[in-house]
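Enquirer: One-letter residues, chain by chain:
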Amino acid sequence: DQQVKQNSPSLSVQEGRISILNCDYTNSMFDYFLWYKKYPAEGPTFLISISSIKDKNEDGRFTVFLNKSAKHLSLHIVPSQPGDSAVYFCAASEGGNKLTFGTGTQLKVEL
Amino acid sequence: GAVVSQHPSWVICKSGTSVKIECRSLDFQATTMFWYRQFPKQSLMLMATSNEGSKATYEQGVEKDKFLINHASLTLSTLTVTSAHPEDSSFYICSASGPGFSGKIYEQYFGPGTRLTVT
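Residue numbers (the working numbering), protein chains in the order written: chain A, 17 to 127; chain B, 756 to 874.
Derived BS3-like pairs (lysine-lysine); straight-line CA-CA distance at most 25 Å:
#	chain 1	residue 1	chain 2	residue 2
1	B	Lys796	A	Lys114
2	A	Lys72	A	Lys84
3	B	Lys821	B	Lys810
4	B	Lys819	B	Lys769
5	A	Lys21	A	Lys53
6	A	Lys53	A	Lys87
7	A	Lys114	B	Lys821
8	A	Lys114	B	Lys775
9	A	Lys72	A	Lys114
10	A	Lys124	B	Lys796
11	A	Lys21	A	Lys84
12	A	Lys114	A	Lys87
13	B	Lys796	A	Lys53
14	A	Lys21	A	Lys72
15	A	Lys70	A	Lys84
16	A	Lys114	B	Lys810
17	B	Lys775	B	Lys810
18	B	Lys775	B	Lys819
19	A	Lys72	A	Lys53
20	B	Lys796	A	Lys87
21	A	Lys84	A	Lys53
22	A	Lys70	A	Lys21
23	B	Lys796	A	Lys21
24	B	Lys819	A	Lys114
25	A	Lys72	A	Lys87
By construction, these hints were calculated from the structure, which means they are not laboratory data.
Sequences and hints are given; from them, build the entire structure.
Expert: Here it is as structure tokens:
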């Protein structure tokens, strides 16, 4: 049972444009959501997070939006840069430090 | 800071043998370490949570006798896959958190992962 889903395995965006990565979840008890970035041969690194009591969190070029009624969150990267090319995982937590990960989206930012 | 290493980065072993994977926190004391498994094009699945000096807590469906976890020190946790079979072939990744951190969920620092292939 995949509680966190990233339905787009890959996304290609031109440099300078907006990248939008999507994530859906089924467990309404999730109360904290995170995005991780992963380069090949490296572990995931934390990018940005949002609590379920908020609907938006912004950090520089990265903004995460949460739509609780739709059980959907998205990560916006503006402007996209070639160095943003990586696999992005969304993750969710229910009241503790156990994380449930999505399957990841490979982002490719082209020149 | 907050660097986590894993060794080996990849390993090939024969069916029926055991393989040990090490996870080290290089510049902090990791009171809690997590072990994940990732199949191709699938999520990172939490296998177990280990606290230094105590037994690991395994997730439902994970065989604790097959995946032995030891967290004997504040900088080292090991995962031993016993009597490995081809279906154990996967990408194993650890993460670590420590007492100096705020305890927030995202303050898990991940290792680079270990690719295990069982022939």
